[in-house]
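Turn these sequences into a full structure, and let the hints guide you.
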Amino acid sequence: MKALSLPMPAEALPRRVRFTALLRLGKLLFGTPLNGLLTVLFGAMLVVTVPPMLRWLIIDAVLFDPDPDACREAVGACWSFVYAKSGQLLFGIYPLAERWRPAIVCLVILALLGWSVRPASWTARLLALWIATLAFIVWLMGGGFGLAEVPTASWGGLPVTLILTVVAIGIAFPVGILLALARRSTMPAVRIGAVVLIESVRGLPLLSILFVASIMMPLFLPEALLPDKFVRALVALTIFAAAYLAEVIRGGLQAISKGQYEAAAALGLPFWPMQYLIILPQAIRVVIPALANTVIVMIKNTSLVLVVGLFDLISSGKAALADPEWPSPAAETFLFIGAIFFALSFSFARFADFLERRGPVSH
Amino acid sequence: MSASPASIPAPFADPTIAIEMSEMNKWYGAFHVLRDIDLTVRRGERLVICGPSGSGKSTMIRCINRLEEHQRGRIVVDGVELTNDLKRIEEIRRDVGMVFQHFNLFPHLTILENLTLAPIWVRRMPRREAEENAMFYLERVRIPDQAGKYPGQLSGGQQQRVAIARSLCMNPKIMLFDEPTSALDPEMVKEVLETMVSLAEEGMTMLCVTHEMGFARQVADRVVFMDHGQIIEEAHPDEFFKNPRHDRTRLFLNQILN
Ligand SMILES: Nc1ncnc2c1ncn2[C@@H]1O[C@H](COP(=O)(O)OP(=O)(O)OP(=O)(O)O)[C@@H](O)[C@H]1O
Ligand SMILES: [Mg+2]
Numbered sequence: 001m002k003a004l005s006l007p008m009p010a011e012a013l014p015r016r017v018r019f020t021a022l023l024r025l026g027k028l029l030f031g032t033p034l035n036g037l038l039t040v041l042f043g044a045m046l047v048v049t050v051p052p053m054l055r056w057l058i059i060d061a062v063l064f065d066p067d068p069d070a071c072r073e074a075v076g077a078c079w080s081f082v083y084a085k086s087g088q089l090l091f092g093i094y095p096l097a098e099r100w101r102p103a104i105v106c107l108v109i110l111a112l113l114g115w116s117v118r119p120a121s122w123t124a125r126l127l128a129l130w131i132a133t134l135a136f137i138v139w140l141m142g143g144g145f146g147l148a149e150v151p152t153a154s155w156g157g158l159p160v161t162l163i164l165t166v167v168a169i170g171i172a173f174p175v176g177i178l179l180a181l182a183r184r185s186t187m188p189a190v191r192i193g194a195v196v197l198i199e200s201v202r203g204l205p206l207l208s209i210l211f212v213a214s215i216m217m218p219l220f221l222p223e224a225l226l227p228d229k230f231v232r233a234l235v236a237l238t239i240f241a242a243a244y245l246a247e248v249i250r251g252g253l254q255a256i257s258k259g260q261y262e263a264a265a266a267l268g269l270p271f272w273p274m275q276y277l278i279i280l281p282q283a284i285r286v287v288i289p290a291l292a293n294t295v296i297v298m299i300k301n302t303s304l305v306l307v308v309g310l311f312d313l314i315s316s317g318k319a320a321l322a323d324p325e326w327p328s329p330a331a332e333t334f335l336f337i338g339a340i341f342f343a344l345s346f347s348f349a350r351f352a353d354f355l356e357r358r359g360p361v362s363h
Numbered sequence: 001m002s003a004s005p006a007s008i009p010a011p012f013a014d015p016t017i018a019i020e021m022s023e024m025n026k027w028y029g030a031f032h033v034l035r036d037i038d039l040t041v042r043r044g045e046r047l048v049i050c051g052p053s054g055s056g057k058s059t060m061i062r063c064i065n066r067l068e069e070h071q072r073g074r075i076v077v078d079g080v081e082l083t084n085d086l087k088r089i090e091e092i093r094r095d096v097g098m099v100f101q102h103f104n105l106f107p108h109l110t111i112l113e114n115l116t117l118a119p120i121w122v123r124r125m126p127r128r129e130a131e132e133n134a135m136f137y138l139e140r141v142r143i144p145d146q147a148g149k150y151p152g153q154l155s156g157g158q159q160q161r162v163a164i165a166r167s168l169c170m171n172p173k174i175m176l177f178d179e180p181t182s183a184l185d186p187e188m189v190k191e192v193l194e195t196m197v198s199l200a201e202e203g204m205t206m207l208c209v210t211h212e213m214g215f216a217r218q219v220a221d222r223v224v225f226m227d228h229g230q231i232i233e234e235a236h237p238d239e240f241f242k243n244p245r246h247d248r249t250r251l252f253l254n255q256i257l258n
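These protein sequence lines map, in sequence, to chains G and B.
Quick note on our numbering: the first sequence kicks off at 1 and runs consecutively.
Quick note on our numbering: the second sequence kicks off at 1 and runs consecutively.
Simulated from the structure, these hints should not be mistaken for lab results.
From a predicted model like this one, the values you see are computed outputs, not experimental measurements.
Among these hints, one or two may not hold up.
Said to hold, decoys possible - Here are the simulated DSS-like pairs of lysine-lysine, each with C-alpha atoms no more than 25 Å apart in a straight line:
(1) G:258 <-> B:87
(2) G:229 <-> G:300
(3) G:258 <-> B:149
(4) G:85 <-> G:318
(5) B:149 <-> B:190
(6) G:300 <-> G:85
Claimed, not checked - Chain B regions said to be covered by chain G (calculated; three or more residues, Cβ under 8 Å):
(7) 87–94
(8) 100–110
(9) 114–125
Virtual Cβ for every residue (Gly too), placed ideally from N, Cα, C.
Put into structure tokens, the structure is as follows:
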């Protein structure tokens, strides 16, 4: 942490300190011939690449001009497209007049996520709040009870990405814990069931699981029993995430010493309280980096639902680019969408980092 | 507890007996680790169990709270026979405290949380009461000022005293100790032994696996010597140290006393 704090302004330092700091920097950059060579090479690379990049990004870019022709003439980036199309990029083909609904949904999810990262809010009430919020979101997105109905086929963009991510991971986490415990069970039927499920899911690409859920399920389920396409994709993502999370958590369980189980058992704790109070909190803490990794991969995996006809952020980007009125500034569009994914993934990584640091120092 | 169907028929249940093992045998695979153990412990009795490494001392006391399963013979603890019935096992574990060589405190919980966890979740004690109870026992082991710390911040001797307090918080009828001082630095052994002595003086039924012969002399009603999975001899400490009857006992005493 300390290494990251800003250096004091040079004036505040005595002359001698400033000099030694310079000396150290010089040593770092040119200490050996190899270091010197690398420093020169990287310096040259920066000089060659940075100015044109800045020119394209900002100097020659069209920033706000709403006229598509401005973009045709400009040599720089076309940010006005992203700006003009932001509604479509964020909300896909959701009916224009109803866009306030997905907008509220996004704000509600982000606000509740922000609220949920505080350890002080980790109570049973938070879980209830999430369940109530999901019901509210489904109503707001889908309509009914006074709102115009919007089928899931017309949902799109950021709310789809957020709902798929939050719900899939939110359900996959407890399911993954149960699978991990089942895989270590002494009951053969339970253990074999968990192994078969985990290994078959891990053995298949997510794409094929999504195809099975969305294209093959209608072949052998009658129409009346068939869940909505969105729900099917959600189930596929959840199962996929659960299998991976289960294996990560199992790794953590293996790190817990026999003594912890014995001490808990000797106090008379039954199986579930022992897992919940003693074993899982320690096991999960050990594997926070690997868990965060899996979650971040899953955030981005949600964009694969486009193959089964759902419109996540990336599909909305593609749809927006198809407008013949505008040139197709694909790089700008995907930079914008990339920035959203980055913000989500990076925030989660910071959260995981925070979780890793809190609690007792390991000894 | 005495009225539960798990109790053994009345003619066998002598209320003055805490633990009764008869013809108890245990195997690890083909390895016969405990052979025909017969041992009766009366309420309030203090036993010290000693013997060479690998003789089965730990295994024997771990059978009493079913951390290990025996295959033949009977173990009756507090009038309840140990079988595969999980309910009975949990019932017995509630009333039998155990202190381990390596403390086994819960490192992710504070000292206070270590002490209140089982009373709250197993005994259904209200949190406030559990905390008062915990502070009472922390004072008894003379570290009330450490309540808010984590186990990793305490010395070995302090950790072991917390472990003893954690067991006492469940208000056990019997305490089992498995070499509670052998993982400690010499200067910390005394503080843990003092805690155990004061517990013994209060009349707690105790079974201690230990090689602290001073402790055995001071508090034990009986010393049990084990070798190769068998109880070789048991005697009052005066008798045991002065006139050991068996050659193996003499050999063992020679080794550890010199
Ligand atoms: N889980 C196990 N599987 C197989 N053998 C075991 C197991 N646990 C213990 N043993 C063996 O059983 C024997 C008795 O072990 P135990 O731990 O009871 O001895 P001990 O008298 O407590 O010894 P120490 O003084 O070293 O603690 C030893 O030979 C040991 O190797
Ligand atoms: Mg032992």
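Status of each hint after checking the structure:
no., hint, result
1, G:258 <-> B:87, "holds (22 Å)"
2, G:229 <-> G:300, "holds (19 Å)"
3, G:258 <-> B:149, "holds (23 Å)"
4, G:85 <-> G:318, "holds (12 Å)"
5, B:149 <-> B:190, "holds (23 Å)"
6, G:300 <-> G:85, "holds (22 Å)"
7, 87–94, "holds (count 4)"
8, 100–110, "holds (count 7)"
9, 114–125, "holds (count 4)"
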